[in-house]
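Each chain is listed here by its residues.
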Amino acid sequence: MDIEKSIREEAKKLLDEGKVDVLIGYKKGTLPLRSSPAFIRNSEDVDSLIFDPACSNNLALYIKRFEGKVGVIAKGCDGRSLTTLVVDRQIDKDRLFVVGVPCSGVVDRRKIYAKLDACPRLRSGRGEIADCQFSDGRVIVRGRDWQESLDLSAVLSDSCLICRHKTPPVYDLLIGEEIKEEGKPVEELEAFKKKSPDERWRFFEEELSKCIRCYACRQVCPVCLCEYCIVDRTMPLWFGKTTDLSDTIMFHLIRAYHTAGRCVDCGACVRACPVGVDFRLLNKRLEDEVKERFGFTAGVTLGEPAPLSAYKEEDKEEFIM
Amino acid sequence: METKDWQPKILAFLCNWCSYAGADLAGVSRIQYPPNIRAVRVPCSGRVDPIFIMKALQQGYDGVLVSGCHPGDCHYISGNYYARRKFALIKTLLEFMGIEEGRVHFSWVSAGEGEKFAEVVRKVTEDVKRIGPAKRLVKGVEA
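Those protein sequence lines, which keep their order, are chains A and B. According to my numbering, the first sequence is numbered sequentially starting from 368. According to my numbering, the second sequence is numbered sequentially starting from 1153.
By construction, these hints were calculated from the structure, which means they are not laboratory data. Yeah, the Cβ is synthetic: ideal placement off N, Cα and C, and Gly gets one too. A portion of the hints provided could be inaccurate.
[To be verified] Only pairs whose alpha carbons sit at most 27 angstroms apart, straight line, appear in this in silico BS3-like list of lysine-lysine: (1) A:561 to B:1268; (2) B:1268 to A:679; (3) B:1275 to B:1161; (4) A:386 to A:561; (5) A:560 to B:1291.
[As the list claims (entries may be wrong)] Far from chain A by the CB rule (all over 10 angstroms, computed), these chain B residues: (6) 1168; (7) 1169; (8) 1180; (9) 1184; (10) 1258; (11) 1260.
Next up, chain A with everything else stripped away, as it sits in the complex (with noise of 0.2 angstroms):
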């Protein structure tokens, strides 16, 4: 593929020249469907660099964990995870270098494993997939004595479908063309928000009902930043750790309230959920929000500092007494 070769191209030049001490970016994943991270440090090993839609995983996770200059390969989303950690004081932009890639969205596993009744690690329905391929807008899935076609844009993650920021808004290096998409509505969120407080109480209890407290999607996301979460305090312990409801609800409420002004709807989250909790909502609902009274856009400029960190004079009050 081009994409991969001017990347690993590009890559070499930046560990040669010294322009970055790591490069982080995606390489093949044990499983199909699956890619891992790749830390680069030498450039011998750029070859085993990829990327194609199933590199899901938001890399701006990683750049904490490391020293000197590092090099992110950045889908859209992972640019604008990063724009945010600079913005939010996590790294120094001079310490960071962007190699944007546009991105025309990721596939969600469960979606492919859904339509075909078949998983990795599965023997139920059709058996294992053995083995993916993606070519022209479409994905190859292959199991042991089977084969199929399926539509890429059928398999995509939900966040990809309503993406606006296809390409990092904010760059060093961009490789190959931008993409210029306007994203669709989110209708689903727009029909949430008529139903009434029961309805979507309900709605909340069932889906939340499901979490088993596990943190995944906290430990993926890469705007869950605390060194000590609240949630592993005990003192004072906020809110118990066990899956009871009232608990697993108020764990949800932290965890979108403190990504408000942040979250970048990646989807790493849902992606990683391993029982299929559906939180976009919430944070669809927060980014709106800070959208709509603040101004405010995440990760597409260094220029403004964090809505919740900042305040104007203005700002609307209408619901204080």
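Given chain A, work out where chain B should sit, using these hints.
What follows is chain B alone, placed relative to chain A:
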């Protein structure tokens, strides 16, 4: 629970410099207001982490009021401006999730506004009474 003598419990976070003094003025002026609030004195409305509000609801308070200085009057110059942004989001989030509108209230009450403080408490108590006892998010209660 829902008997006719049910009285709501409302937790009120009052900023030390304005609203707490406002409550004091209401007291010394002998202004009557409902005895449903439990006041917590905080240094500034900016001190009120939204988790305080969630926790109060989880612990079974029927309503929460956060009150601070008017914009421009903050003892710490800008605490209430930051607070205003936080409150806007937490109110949106709670109500989006299905917590009844009217459980969580915010107000600006200065040290000289004893009558306004009483009025705010009357309004909040009335609102919470109208909604009834809290069930959602309360630990150990089936909503």
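Check the hint pairing residue 1275 (chain B) with residue 1161 (chain B) against an upper bound of 27 angstroms on the C-alpha distance.
holds (14 angstroms)
Beyond 10 angstroms from every Cβ of chain A: is that where the Cβ of residue 1168 (chain B) lies?
holds (19 angstroms)
For a C-alpha distance cap of 27 angstroms, please report whether residue 386 (chain A) and residue 561 (chain A) respect it.
violated (51 angstroms)
Classify the label on residue 1260 (chain B) as holds or violated, using whether its beta-carbon is more than 10 angstroms from each beta-carbon of chain A.
violated (6 angstroms)
For the pair supplied as a hint, residue 560 (chain A) and residue 1291 (chain B), confirm whether the alpha-carbon distance does not exceed 27 angstroms.
Status holds; Cα separation ~26 angstroms.
The output says residue 1184 (chain B) does not contact chain A. Does that hold with a beta carbon cutoff of 10 angstroms?
holds (19 angstroms)
Minimum Cβ-Cβ distance from residue 1180 (chain B) to chain A exceeds 10 angstroms
holds (22 angstroms)
Non-interface label on residue 1169 (chain B), tested against every C-beta of chain A at 10 angstroms
Fine: 17 angstroms to the nearest Cβ keeps residue 1169 (chain B) off the interface.
Just want to verify: residue 1258 (chain B) was marked as not at the interface with chain A; is every Cβ pair farther apart than 10 angstroms?
At roughly 5 angstroms from the nearest Cβ of chain A, residue 1258 (chain B) sits no farther out than 10 angstroms, so the non-interface label is violated.
Would you check the hint for residue 1268 (chain B) and residue 679 (chain A), treating anything up to 27 angstroms between C-alpha atoms as holding?
holds (26 angstroms)
Take a quick look at whether residue 561 (chain A) and residue 1268 (chain B) sit within 27 angstroms of each other, Cα to Cα.
Violated, because 34 angstroms separates the two Cα atoms, which is more than 27 angstroms.
Going down the numbered hints, you'll see the structure goes against 1, 4, 10, 11, while the others check out.
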